[in-house]
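In order, the protein sequence lines correspond to chains A and B. Its first residue numbered 1, the first sequence is counted upward by one per residue in the numbering used here. Its first residue numbered 771, the second sequence is counted upward by one per residue in the numbering used here.
For the record, the hints were derived by calculation from the structure and aren't laboratory data. Warning: the hint list may mix true and false statements.
Straight line, CA to CA, 25 Å or less: simulated DSS-like cross-link-like pairs of lysine-lysine [what the hints assert, rightly or not]:
#, chain 1, residue 1, chain 2, residue 2
1, A, LYS698, A, LYS320
2, B, LYS886, A, LYS230
3, A, LYS215, A, LYS259
4, B, LYS775, A, LYS215
5, A, LYS230, B, LYS775
6, A, LYS230, B, LYS856
Each chain is listed here by its residues.
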Amino acid sequence: MNFIGYPSKLRGFEKHIRVEKVSRRSILKGLGVSGGFVLAAPVMSRQALAYETGAGKMPHGVVVDPRVFVSVGPDGIVTIVGHRSEMGTGVRTSLPLIVAEEMEADWSRVKVQQAHGDEVKFGNQDTDGSRSTRHYLIPMRQIGAAARTMLEQAAAKRWGVSATEVKAVNHEIVHSASGRKLGFGELAADAAKESVPSIEGLKLKDPKNFRYLGKGQIGIVDLHDITTGKAHYGADVRLPGMKYAVIARPPVTGGKLVKFEPEEALKVPGVEKVMQVRGWPWPSKFQPLGGVAVIARNTGAAIKGRDALKLTWDDGPNGKYDSVAYRKELEEASRKPGLVLRKEGDADAALKSADKVIVGEYYIPHLAHVSMEPPVAVADVKGDKAEIWAPVQSPGGTREDVAKTLGIPEANVTVNVTLLGGGFGRKSKCDFALEAALLSKELGAPVKVQWTREDDIHNGFLHTVSVERIEAGLDKSGKVIAWRHRSVAPSIASTFAAGTVHQAPFEIGMGLVDMPFEIANISCENPEAAAFTRIGWFRSVSNIPRAFAVQSMVGEIAQATGRDQKDMLLELIGSPRIVKPNVKDLWNYGEPQDSYPIDTARLRKVVELVAEKGEWGRKVPKGHGLGIAVHRSFVSYIATIVEVAVDDKGKLTVPRVDTAIDCGTYVNPERIASQIEGAAIMGLSLAKYGEITFKDGKVQQKNFDDFQVVRMDESPVVTNVYIVPPGPDTPPSGVGEPGVPPFAPALINAIFAATGKRIRSLPIGKQLEA
Amino acid sequence: MIKVKINGQEQSWDGDPDLPLLWFLRDEAGLTGTKYGCGQALCGACTVIVDKQAVRACITSVNDVAGREVTTIEGLHPNGDHPVQKAWRQVNVPQCGFCQAGQIMQAAALLMDNPKPSHDQIREAMSGNICRCGCYQRIENAVHLASTGV
Numbered sequence: 001m002n003f004i005g006y007p008s009k010l011r012g013f014e015k016h017i018r019v020e021k022v023s024r025r026s027i028l029k030g031l032g033v034s035g036g037f038v039l040a041a042p043v044m045s046r047q048a049l050a051y052e053t054g055a056g057k058m059p060h061g062v063v064v065d066p067r068v069f070v071s072v073g074p075d076g077i078v079t080i081v082g083h084r085s086e087m088g089t090g091v092r093t094s095l096p097l098i099v100a101e102e103m104e105a106d107w108s109r110v111k112v113q114q115a116h117g118d119e120v121k122f123g124n125q126d127t128d129g130s131r132s133t134r135h136y137l138i139p140m141r142q143i144g145a146a147a148r149t150m151l152e153q154a155a156a157k158r159w160g161v162s163a164t165e166v167k168a169v170n171h172e173i174v175h176s177a178s179g180r181k182l183g184f185g186e187l188a189a190d191a192a193k194e195s196v197p198s199i200e201g202l203k204l205k206d207p208k209n210f211r212y213l214g215k216g217q218i219g220i221v222d223l224h225d226i227t228t229g230k231a232h233y234g235a236d237v238r239l240p241g242m243k244y245a246v247i248a249r250p251p252v253t254g255g256k257l258v259k260f261e262p263e264e265a266l267k268v269p270g271v272e273k274v275m276q277v278r279g280w281p282w283p284s285k286f287q288p289l290g291g292v293a294v295i296a297r298n299t300g301a302a303i304k305g306r307d308a309l310k311l312t313w314d315d316g317p318n319g320k321y322d323s324v325a326y327r328k329e330l331e332e333a334s335r336k337p338g339l340v341l342r343k344e345g346d347a348d349a350a351l352k353s354a355d356k357v358i359v360g361e362y363y364i365p366h367l368a369h370v371s372m373e374p375p376v377a378v379a380d381v382k383g384d385k386a387e388i389w390a391p392v393q394s395p396g397g398t399r400e401d402v403a404k405t406l407g408i409p410e411a412n413v414t415v416n417v418t419l420l421g422g423g424f425g426r427k428s429k430c431d432f433a434l435e436a437a438l439l440s441k442e443l444g445a446p447v448k449v450q451w452t453r454e455d456d457i458h459n460g461f462l463h464t465v466s467v468e469r470i471e472a473g474l475d476k477s478g479k480v481i482a483w484r485h486r487s488v489a490p491s492i493a494s495t496f497a498a499g500t501v502h503q504a505p506f507e508i509g510m511g512l513v514d515m516p517f518e519i520a521n522i523s524c525e526n527p528e529a530a531a532f533t534r535i536g537w538f539r540s541v542s543n544i545p546r547a548f549a550v551q552s553m554v555g556e557i558a559q560a561t562g563r564d565q566k567d568m569l570l571e572l573i574g575s576p577r578i579v580k581p582n583v584k585d586l587w588n589y590g591e592p593q594d595s596y597p598i599d600t601a602r603l604r605k606v607v608e609l610v611a612e613k614g615e616w617g618r619k620v621p622k623g624h625g626l627g628i629a630v631h632r633s634f635v636s637y638i639a640t641i642v643e644v645a646v647d648d649k650g651k652l653t654v655p656r657v658d659t660a661i662d663c664g665t666y667v668n669p670e671r672i673a674s675q676i677e678g679a680a681i682m683g684l685s686l687a688k689y690g691e692i693t694f695k696d697g698k699v700q701q702k703n704f705d706d707f708q709v710v711r712m713d714e715s716p717v718v719t720n721v722y723i724v725p726p727g728p729d730t731p732p733s734g735v736g737e738p739g740v741p742p743f744a745p746a747l748i749n750a751i752f753a754a755t756g757k758r759i760r761s762l763p764i765g766k767q768l769e770a
Numbered sequence: 771m772i773k774v775k776i777n778g779q780e781q782s783w784d785g786d787p788d789l790p791l792l793w794f795l796r797d798e799a800g801l802t803g804t805k806y807g808c809g810q811a812l813c814g815a816c817t818v819i820v821d822k823q824a825v826r827a828c829i830t831s832v833n834d835v836a837g838r839e840v841t842t843i844e845g846l847h848p849n850g851d852h853p854v855q856k857a858w859r860q861v862n863v864p865q866c867g868f869c870q871a872g873q874i875m876q877a878a879a880l881l882m883d884n885p886k887p888s889h890d891q892i893r894e895a896m897s898g899n900i901c902r903c904g905c906y907q908r909i910e911n912a913v914h915l916a917s918t919g920v
């Protein structure tokens, strides 16, 4: 039993707060000049803000230093560092925009510079967990305010007036008493000599004076480049003398190469070399699986060469993994008691005495990320130095892992972060960059390792597979008096530690033990499940199966008691209150409970808002149905209504989606809308088609023909997004992931309303055709 | 020696004539705007225009385009101001952006063929292009905008 023990190597869990030594120098050499000036983490104090976050507990914490993040050129161009990875959320725009807002910089004179992987310098860079805005809103404001203060001090000195008499206004410092003005560029050199103001003394802008934050008028910084083919992804890196590689990896997780015959591959025009790649035994975190690499003058030749390889594998102990048999095991486990993680009242007794018990056993299979850019990386290793170019969500972790893999100091590794052609959690694992580093070292030349789509599907870090069994006991009046939820699924922790059979705190905290309903008798259990392939984070993670199960069950209870889904949902959520589940060390997305409690008032609010705006209860045509679901994840609250249409052949379309999100204080509502629109499509994809299956230890799907995702002709006709206006002190919360979980159950509830068919197993596939 | 005109410039290739155009463009000609997404003509990320028609560069060999004119995203408009590109920016279509060159080339080819497509025709014509981020609603709106004047 190891669910309590954190996997020893898990990033973000293996490390505790590292407090950097504070060294202050009163004289600065220049804005943007990096020095040993790193503020202690966590930087946020009660004096500076109304809430705390878990930012300081992330590896390397937070760095608040204007000289690290901001530079001002004599021409007035302000360069702001974006230190998080851009995979489509807009973070490369929104964090620098926060700095620009506080600086009073004119956005049209701002350039964004992507940070390389260096967490001592920039603070934590793991772009995952829907954390960027919630961890960096205040630090970025502080950085901007500090830079603005330095510019104001410089101007005040130049004019011989008090700094309190001058003010930054749109890229200038003005002295209104005398009408004097100086541009940022004219002050840059002097401002660089000013001391960095203390965080406690900073004056943050009054939000009512914001020009950019919360407005949604700013397009992403890469918009022009993306539309003209100039945007630079990992796949687009080209170096002089660079070789192109594709790798044949073991078809079964943990399999080993027995022998390879390179002769035919070497006959392919353009193929230069065939070589073995070192692999690590499973499980080994993000280390490469090993295999055989084909090195060529272009990717096409490398792929053709790989097709011609003759390979013999030993499939190893996972060679019997079979999804049909495994599902049965999970189902059986879910019908027996498991490790009890949350216990309130006596669910067993209450279920026995209940007037009616409703049982739902819900299944969601493995899913693959299939980001449009498959994993790809370029490495140039020379002696004991390595330079990497890669689309990674974990620039700092990649740097650490490259250094360890090559046995060189971390300081000798440079990780250049390109744009990511989608991430969804796949690119939090840097195995592809490690492969490139190993090959480059051996070849003595720069190498690009390109994964094909088949590689991506066959050798990924899949979303878990789970059975979620819920039993709800009702009394005579139809009130729910008992709730037993058993979740059985292989854990992500199994990718870090052999023998893992229980889910980790960060998985059980995603919709299992934090279930917010007001029910007297609750039991949340986790029976054992072993893993037979690599399991990893997939956008929204365990919230996908949990929201599907819990919110489907709400629909089932409404169905059994003849009540409206939304009314049933609000009744179960119960009174506005802070939910404090009886769970030891409840995991709360890494956030303190004080700042981010489970607040049913906010949960109710998104249900009520989406019901109002989404016209819940409206009359829909025959064959159509409405479904609703709500879920709290990544400390945000989100509710979705789906209108579905099912024709007499069972063909499903989605005429309309309405979603309300409460993500607290927000930066860019336009990007929030785009994330929610996209989440609906990802939710529809997984509900309709999403399934990776194994037979004889091998993934049976290979490309977009048999692992389908939703295309435009079947995507929701319209997705409307409503954002709950934040209170003055509401902390920011997640946006990238929360949109996905409520979609599938809202759809499934809608399908029931339309057809009377209750789907408990995803994907829907052909179930409606019967 | 195969000769092909790419974005108005003559290029030649004396390697494997079966090399997919995609890898010729990206790795040999250095035109990386055209993307690899599947290699099987399933996702449309590699869409280019050959003699006014949208084709998937991943299953088209260099030999197939010998003597023909290939337009990639880099050559769609000298300043990136093709109506489709402008509409894309106006509607803030992209999230990660990786599939967008293929989407834009497909949309440009659609409008050459059918300057005023209906919403259904847009959805139909664009459904060979996958966007995993899920920008479809905006793509549809941008194509419509491009067809009605940006």
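Structure-based check of each hint:
1. Taking the CA atoms of LYS698(A) and LYS320(A), the gap is about 9 Å. The hint holds against a cut of 25 Å.
2. About 28 Å separates the Cα atoms of LYS886(B) and LYS230(A), which puts this hinted pair outside 25 Å; it is violated.
3. Restraint check for LYS215(A) and LYS259(A): the C-alpha separation of about 60 Å exceeds 25 Å, so the hint is violated.
4. Restraint check for LYS775(B) and LYS215(A): the C-alpha separation of about 46 Å exceeds 25 Å, so the hint is violated.
5. With a C-alpha separation of about 20 Å, the suggested pair LYS230(A) and LYS775(B) falls inside the 25 Å cut-off, and the hint holds.
6. For a cut-off of 25 Å, the pair hint linking LYS230(A) to LYS856(B) stands: about 15 Å separates their Cα positions.
The earlier numbered hints that this structure contradicts are 2, 3, 4.
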